[in-house]
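Q: Here is what each chain is made of, one letter per residue.
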Amino acid sequence: MKKKIAFWAVLVAALILLPPLVLAVKQPYYVDLVRRIMILAIAAISLDLILGYGGLVSFGHAAYLGVGAYAVGILAFYGVASGWAHFAVAIGASALVALAIGAVSIRTSGIYFIMITLAFTQMLYYLGISLAEFGGDDGMRIKTRSRFPLVDLGDPVTAYYVAFVLMLLSAFIVSRIVNSRFGMALRACKSNDARARALGFSPYPVRLIAFVIAGGLCGLSGALYANHTNYITPSLMSWLQSGELMFMVILGGMGTTAGPVLGAFALLLAEEVLKGFTEYWQVILGPLLVLSVIFFRHGLAGIFSRHE
Amino acid sequence: MNNLLSVENLSKSFGALRASDGIGFDVGEGETHAVIGPNGAGKTTLISQLAGNLRPDAGSIRFAGEDITRLSAPRRSRKGLARSFQITSVFPEFTALDNVALAVQAQAGHSFRFWRPAQQDSRLTDPASRVLSEVGLTERQHILAANLSHGEHRQLEVAMALATRPRLLLLDEPMAGMGIEESQRMIALLGALKRRLTIILVEHDMDAVFRLADRISVLVYGRIIATDTPEKIRANEEVRRAYLGEDA
Amino acid sequence: MNWALVFEQLLNGLQYGVTLFLMAAGLTLVFGIMNLVNLAHGSLYMVGAYLAVAATQWTGSYLAGLALGLVGTLLVGMAVEVIALRTLYERDHLDQVLATFGLILFFNELVAMIWGRAALFASGPAWLSGHIELFTGSRYPLYRLVIILIGFLTALILWYVVARTRLGMLIRAGASNRTMVAALGTNIRLLYTVVFGFGAALAGLAGILAGPIYNVQPGMGELILIQVFVVIVIGGIGSIRGALVGAIIVGVVDTLGRAFLKPLLGTLISLPAAESAGPALASMLIYLLMAVVLAVKPAGIFGSRN
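Residue numbers (the numbering used here), protein chains in the order written: chain A, 1 to 308; chain B, 309 to 556; chain C, 557 to 862.
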């Protein structure tokens, strides 16, 4: 418990202090880098809800990043600039898509579930590619950022702190959810499905609701991402992106509050370092990931909790 | 006729194997009814059909006057029909208290609350603590289920079934793998539950069966060959033949 | 209604279906027998295509290139199995998915390092470059017809091996009870390596045959792999028969959909709307098909609830 508090204290302090420090040494790039990591950490947190706590190996989670991002892009395309509209639609649309995909997928389990979520994401990816007005394969530029009163997402440092606050908020909300009655039911269904049913829990509605919440939260991440890069492509929805999200969750430690955040930082910083070495950094990352799966089962957050 | 459970012509086959062959019996309210039989007689198949984990091929099951044959396991549980498992089936990553609290929660409903921590909800933890003290696990309630001993697992199994406040308790070999001392404790526990609940007890431990049961049904090759009081079953010729080699 | 065109597209669909089958058969075998989800199966398809192109350039002969490509893929497959996959048999599917995902990244970059990121040009043999006259009067590429033939021939050989040989018997026994087969003295490890290599060779064959038709480039495996998953889900995991039926269905539906959905829609709704809706719907068609099949038969057409 002490370790946990220490971890969060250090992380929060470091992240708060980063922009002024980094700007003082004239390296603004790191503000953008860490901002991107925090935005994707929100996506990882949402995935941890269904994967780490729910046991749903969804290989299609990046779809909601795409839906959220494109919601912002498409609204901006048609001249809607209100940030509230952008974010509301991003979250709402993602939740709806999650409802549709989840309703079908959650009827299956095991390997079928993995393959089906993968297939549905791919379907959305192709949909994204074939919508020529929105750039198709090449993607689209975001015409106007999401406009909020008081907060200018166009300013890198402001956007950084917005992402920071939303990341902490997401982690907090998810931790409340997983410890609530709903969360316990979800975790029970993961722990022992047959027993949960015997007691009277119905796994399907519980899992579906978790899936929808996770989808909506990931849509928030997508909306932030669109404001971060201001150019989005369908590859945001590809299964390679989904795989990256899964690795963040696993690497950091599934089913923990700190895990997805740790994993996002670990994976994306590792990628940054490797990119500095060679253009072909994936040739090194790939085997590293394989090794991490083989040897590093409980992830980084394992140092915080007692394991069997 | 105050039958809580009525089973009529229950049949289930797995390919050529008739695991349940026209099973029929009644269990009255407040009765403790044991089901015994040699290995492979189909006892667990019967329990699974009663609990809703297995669909029968034919026959009907009536519970409190209602036909529950097509009802799913979660729904039967919510109607008051609870089951324990022959092979311990708990939630290993949760503490004993959490395990029982989950059982309470499943029965109480209201699982769609997203904010308040369940582990601090006294409406769940108080009943859970009470049940745990009934089965004698109070000192171990904060231990992770994975770290409990085998006997404690069996106690936890019964506790979880009890926590759903059932009208009918299906116990599938609660004494499986227990030593003498643990068995005696379990027999005492079940004895204390007898009048409060209706119990269907599948067991190999004949000491327990004859001390607890009001009536006994004997299952051999998927058929019930006799249903009667313990003394009459003891004296039954056919039953003795079926148990050749086993002590009765 | 241009029936000649329809028939031609039907043949294209069969050819695509056969390519999918070669991939699906290997994947479903490996899953059914070793309970291993292998996302890197698409990488073996890619490796086959690249090795064949390189070998053809080196030797100057298409057939030599084909043979070397196949052998090369077989060896790569077995090496991957021994080095990386052995530890994963006992793990859960999530671990297998993640580990093989790492392999995808590795192979894609490796191939890009050696051959660059641009698509390579691969051509079929000169003696197959002609056309054949169909009964409909139109001409159809001989090469594609040969692929269809090879595909069905392979299906036949596979059926024979699995149903009629000792190896096939071991495979079927291993699928239902691994430990028992091992206890009976069979070298389970060797069996697994052989089965995996076999599956790899099939994927490599698919890649080699498909090279001249589709693009040979890094990431080509992943494009087709998702559709292979759809095939397996529709056909039923672990069933080779399901793989064949599923592959033909997916191949034909996808090809016909891409060719005819837009014009078909154009007759029902306005042309500009069909212009955008057509391709979008066509690309989603097989996934909708998968959803429908699953609603009716959750374990796939020939699958069994395991």
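Careful, some of the hints might be misleading.
[Stated by the list, open to error] Short derived list, chain A residues pointing at chain C, Cβ under 8 angstroms: (1) V104; (2) I114; (3) M115; (4) Q122; (5) M123; (6) Y126; (7) L131; (8) P149; (9) L153; (10) V157; (11) Q241; (12) F247; (13) L289.
[Stated by the list, open to error] To be clear about the criterion: a stretch of chain C counts as covered by chain A if any three or more of its residues have a C-beta under 8 angstroms from a C-beta of chain A, and this derived list gives those stretches: (14) 683 to 694; (15) 783 to 789; (16) 814 to 825.
No lab work stands behind these hints: they were computed from the structure.
For every residue, glycine included, the Cβ atom is placed at its ideal position computed from N, Cα and C.
Q: Would you check whether V104 (chain A) satisfies its interface hint, that is, whether its CB is within less than 8 angstroms of any CB in chain C?
A: With Cβ-Cβ at 5 angstroms, under 8 angstroms, it holds.
Q: Answer holds if the nearest beta-carbon of chain C is closer than 8 angstroms to that of Q241 (chain A); otherwise answer violated.
A: Violated. Min distance 12 angstroms.
Q: Does F247 (chain A) meet its interface restraint, that is, does its C-beta lie within less than 8 angstroms of any C-beta in chain C?
A: Cβ of F247 (chain A) sits 6 angstroms from chain C, so the hint holds.
Q: Please verify that hint: Y126 (chain A), Cβ, nearest Cβ of chain C, below 8 angstroms or not.
A: Status holds, d = 4 angstroms.
Q: Given M115 (chain A) as an interface hint, is the shortest Cβ-Cβ distance to chain C below 8 angstroms?
A: At about 4 angstroms, which falls below the 8 angstroms cut-off, the nearest Cβ of chain C leaves the hint on M115 (chain A) intact, so it holds.
Q: Given a cut of 8 angstroms on the nearest C-beta pair, is the interface hint for P149 (chain A) held or broken against chain C?
A: violated, 36 angstroms
Q: Do three or more residues of the region 814 to 825 of chain C come closer than 8 angstroms to chain A, measuring C-beta to C-beta?
A: Coverage by chain A is violated for the region 814 to 825 of chain C (0 residues, Cβ < 8 angstroms).
Q: Tell me if the interface restraint on I114 (chain A) is satisfied: Cβ within less than 8 angstroms of some Cβ in chain C.
A: Given a least distance of 6 angstroms, the restraint on I114 (chain A) holds.
Q: Residue count check for the region 683 to 694 of chain C against chain A: does it reach three with CB-CB under 8 angstroms?
A: With 0 residues closer than 8 angstroms to chain A, the region 683 to 694 of chain C misses the three-residue bar; violated.
Q: Taking 8 angstroms as the limit, does the beta-carbon of Q122 (chain A) come near enough to a beta-carbon in chain C?
A: Check passed: Cβ of Q122 (chain A) comes within 5 angstroms of chain C, closer than 8 angstroms.
Q: Return the status of the interface hint for V157 (chain A): holds when the least beta-carbon distance to chain C is below 8 angstroms, violated otherwise.
A: Where the cut-off is 8 angstroms and the nearest Cβ of chain C is about 33 angstroms from V157 (chain A), the hint is violated.
Q: Using the nearest Cβ pair, does L289 (chain A) come within less than 8 angstroms of chain C?
A: Given a least distance of 3 angstroms, the restraint on L289 (chain A) holds.
The structure shown violates the earlier hints numbered 8, 9, 10, 11, 14, 16.
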